[in-house]
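Based on the sequences and whatever the hints tell you, model everything.
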Amino acid sequence: MEAGIDIVSWYLLIGTVMTIFGIVRLLLVRDLLARLIALDVTGIGVLVSLVALAARSEPTDPVLQALVITGLVIAVAFTGLGAVLIRRLEGLQEDPPRGDHQ
Amino acid sequence: MVVNDVIPLGLVLLSVVVAAIIFPLPQRLAGLRSAVNLAGALIKLVLVVLLVPPVVADGARPEFAVPFLPTGGGEAISLVLRVDPLALFFAGLSAVLWLLTTIYAIGYLKGTAYQSRFFGFFSLCVAATVGISFSGNLITFLVFYELLTLVTYPLVAHWGDEKSLQAARLYMRYALGGGVAVLVGVVWLTMEAGPADFAEGGAADVAEFAVRSPTVAVIIFALLVGGLGVKSALVPLHSWLPAAMVAPAPVSALLHAVAVVKAGVFGIVRVVDDVYGIEVAWELGVLTPLLVVASVTIIYGSYQALRQTEIKRRLAFSTVSQVSYVVLGVTMFSMAGTAGGVVHLVHQGIMKITLFFCAGLFAEAMGAHKISDLRGAGRRMPWTSAAFTVGAFGMIGLPPTAGFISKWQLGLGALESPHPWVLVVLVISSLLNAAYFLPVVYSLWFGEREDDAEAPETAHEQERVHEPGLLLAPALCTAGFTLIVGLAASLPFSPLEISRYIAEGVFS
Amino acid sequence: MTLAQFSLGALALVPLLGAALTMVLPHPARRALGVVTSLLIAGLTVPVMISVISGELPELVLGGFEAPLGIHLRGDGLAAVFLGVTSLVGVTITGYAAVLPKSTGTYLSSTAWVPGHPGFWPLWLGCWSGLNAVYLSGDLFNLYVSLELVGLTAVALVALGGRSSWEPALRYLFIAVLGSLMFLAGVGLLVSVTGTLDLQQTRGELEGLEDPTLPLLALTLMTVGLAMKVALLPMHRWLVPAHSAAPSAVSPILSGLVIKAAMVVMLRCWLWAVPVLQGSEWLAWMLGALGAAGVLIGSVLALRQDRLKPLVAYSTVAQIGYWFLAFPLLLPGENDAAQLASGAYGGVVAMAVGHAIAKAGLFTAAGFLKDRCGTDEMSALRGAGAHHPVLILAMGMCAVGLLGLPISLGFSGKWQLATAAVAAEHWWVILVVAAGTLLSAAYMLRGIAPLLLQAEIAEDAPAASPVSVRERVGEIAVLVLGVATICTGLLGAGLSDLLEVGSWW
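Residue numbers (the UniProt record's numbering), protein chains in the order written: chain D, 1 to 102; chain Y, 1 to 508; chain V, 1 to 505.
None of these hints come from the bench; they were simulated from the model.
Be careful, since some hints might not be right.
[Unchecked claim] Derived CB-CB ranges, DEER-like:
no.: 1; chain 1: D; residue 1: LEU92; chain 2: Y; residue 2: SER239; range: 53 to 63 Å
no.: 2; chain 1: V; residue 1: GLY55; chain 2: D; residue 2: GLU90; range: 55 to 65 Å
no.: 3; chain 1: V; residue 1: GLY208; chain 2: Y; residue 2: LEU13; range: 54 to 64 Å
no.: 4; chain 1: V; residue 1: TRP285; chain 2: D; residue 2: LEU89; range: 32 to 42 Å
no.: 5; chain 1: V; residue 1: ARG472; chain 2: Y; residue 2: VAL292; range: 55 to 65 Å
no.: 6; chain 1: Y; residue 1: LEU13; chain 2: V; residue 2: GLY55; range: 44 to 54 Å
no.: 7; chain 1: V; residue 1: LEU40; chain 2: Y; residue 2: VAL66; range: 27 to 37 Å
no.: 8; chain 1: Y; residue 1: PRO24; chain 2: V; residue 2: VAL46; range: 28 to 38 Å
no.: 9; chain 1: V; residue 1: GLU425; chain 2: Y; residue 2: LEU42; range: 48 to 58 Å
Backbone N, C-alpha and C define an ideal beta-carbon position, used for all residues, glycine too.
Below, the structure is given as structure tokens:
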């Protein structure tokens, strides 16, 4: 039991570190793709922390697990949208505006 | 006559309805627009006149209330519209002058652009003025006071050139600044003493509160009167008024005689007499400083008027000076003084609007903007000049005009009051009034045009200038009122009698 | 199931269904379906509002999942107020977008950019579904999911504005996701302490708790995350480019409604979910200070703009500040605390609702002028008012609401805030409100006065082209919002009574 708590705490620590790392990276980096990845790292960090919190109780907290799954789906949706936008913006740089609009 | 409680609301909404009809009217339907305008003004005048006997003689107080602002857990503060003699006094003034100014404006703006916008906001402005006069508590007063600021902005900016917009911006800056001060004062007072219903002799809660914490009461009084002082152009808060003279002449007339400046002074009268109550205000020691400010404003305004060379600017500074007579009257702490101040609310309106109508006529018909342009105008525009002369004599206070009645009553009040030195202020200002109006009147009738000697034949051609009827009739009407009110001051329901009745209520 | 209960579920699901249907329909039919759906939603709002006004609290448990893990919809005063204002603004903007398809963005077809983006309709209806769900959610899980639905669709809506809008949209996406992750972390932490997602159960559990450290940490995380989404200064920088680059029909939705969703969640967290904790005072004071800074700095920045849409966007930043000014007053002090807090809370809601209507109107007007004149540079818009008197009048009415002058809910809200501040003797609030009012008057004049100038407009300029019937109808939409700004000002007392239904105290 004691070892179990220890492992859980490790996961909690890893999650927190990932979150903080992701946020710092998100704020410092300028490249759009790198920022998107940093955002995903933050997201995974938060989710890992939540999984660790869920594992603290016996049996595993179903409410938190549901939160994690939802969070995962939403993160994927946002990443997809972000990737589309980045693709378009980079498409703009490769293929400069033709002056047909604005 | 049965007095219905909905009448005050109906009177406010009447002008709003007129505005709502006028706004979407296309420019070309000038006839319909004028008809709607005049019908609205006439209905309002009739209603107000019908209200006079029941309210003044029978003591009826029709009241309309609707919950408006929530208070923390307690009962909501209401929007209250109530007709009392002072309210009716002010509403009557605005009803009469709205009708005349509308006629004048129809003639003045004939053929110019954006008339629907102009008359729409004009009606809203009157709605706000009626709302101010019928307000039954400070919150309601504040609502219509701010509304007035907003709807006069497009009127001042009407010509749409850089200069108008600048003046309008200056006006807005002053008026909103004052409005915020009033708002803070009202919020504070409401927290301390409840919603401050206007009552003859002062609100009981406020009197209690003034005994409890006199210092805070004085601060709130300063906030309220300071804020209201902006619109009533007390020195040193007056400089928006001369700048706003770029507006069309009917707007100037409205600003000076009916709506804006008057709303400020009316507010001060309400705060002194019906919120704090004159006794409480006297004990707090706030009346004397206000009296001094009013005296300074009277002298300073007259002095500045003397220095101006443009007709409209001279009239503007004259307004700065004249309006403060009202404040002077209500702060000198005597019944006759209060009556004099209140009656001047109406008298000044009638006289000053005459002068503005005439100034607009001179500008329209002869292109005269400077005082020197008026030399010999008496022969070219005799009717206008006659009306101007009556107005000017009224301002100086010569009998038998309305101005004489005001000054006589104020003089009586000064002698009764603890401040006999006010009489000196009255004398000095009358001398200054004479000094800046008499030369104008003299040159109107006896002045020689400079170019007469050089080109006698052209002078002969210009001997008589056409005076547009729509502009002249209102001016003659108000000039006539100036004389009638002066001559008939002792008849029942004359302004003087009503204001004496109001003053008795204040000191009861 | 009563009609009100049925409406609760339908309010969240009907727009979602509408969004799904519009995706498969051809472009012109989307507009028609959009209008029909919007009217249906407005109709569904009525039974919920009637039920709440009569003092009931309709509840619905969707799909049979009970708390702690369930989809729990609950109608109370706060929900009813925001459902109502969202229907009002939503129907008006839907009508505007249907009449003027140009305002929904630009669409890159195979050959060229075409005005009118068909993607607007599913996204907007999806967003509306999220908004309604946020208002009605009775548990943290639903709040999170619906807030994400709002955020996701809002980012996509911004991106409809063509090239220039993609970068602001991406910036918005980063901050929205970061904010929701912080919120999620806070919710997770709270759940790990209380074991439930239901708002009322959470409060009950927390009230019995001795050690406030974890809930306080959770509250901090949720507050920071939500403050990012509301755009409280200094997390406001994403808002201005996003709201001004968005298409004309989208900016009013974003500024009027979307940030309100995050604000409602903020209120739900602070007032419903978490009781007053030891140590939450400093957090409230922090929010109050940031709010004051937001009012002043936002207004000054608005004053320095040369383009109309950024000016209006900065005005939103300033207005957001007002809502947070009230937070220190929401905490109970020594005397008559409940009254004070309810006054401050009523003030926040009144200001937020007033802002929703007025800002939607003003942004629609700004977008209208931008679409028509091809630019929103204020120097280029001089004299533009001459052809649009109705629009200018409506803008003036909206400006009254934003300034907080009577008669408007903005005034009612400021009044309640100011009286609560006087009662609590927080004089600085009065100073900030007074300064903010004057500054907002200055920037509103800066925005509107040039339109009144009677400048000569070149004959070939787009502004001089004849105004079409559709554009006239679009102007009416702005007028509706302007008139609503004024008329709702008379409802201040009723609003405050309504908010007492199902409030936390």
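Tested hints:
1. LEU92(D) x SER239(Y): 53 to 63 Å: 54 Å, holds
2. GLY55(V) x GLU90(D): 55 to 65 Å: 57 Å, holds
3. GLY208(V) x LEU13(Y): 54 to 64 Å: 56 Å, holds
4. TRP285(V) x LEU89(D): 32 to 42 Å: With a Cβ separation near 41 Å, TRP285(V) and LEU89(D) satisfy 32 to 42 Å, so the hint holds.
5. ARG472(V) x VAL292(Y): 55 to 65 Å: About 57 Å separates the Cβ atoms of ARG472(V) and VAL292(Y), which means 55 to 65 Å holds.
6. LEU13(Y) x GLY55(V): 44 to 54 Å: Check failed, 32 Å falls outside 44 to 54 Å.
7. LEU40(V) x VAL66(Y): 27 to 37 Å: Given about 33 Å between the Cβ atoms, the range holds.
8. PRO24(Y) x VAL46(V): 28 to 38 Å: Given a distance of about 30 Å, which is inside 28 to 38 Å, the answer is holds.
9. GLU425(V) x LEU42(Y): 48 to 58 Å: The hinted range 48 to 58 Å holds for GLU425(V) and LEU42(Y), with Cβ atoms some 52 Å apart.
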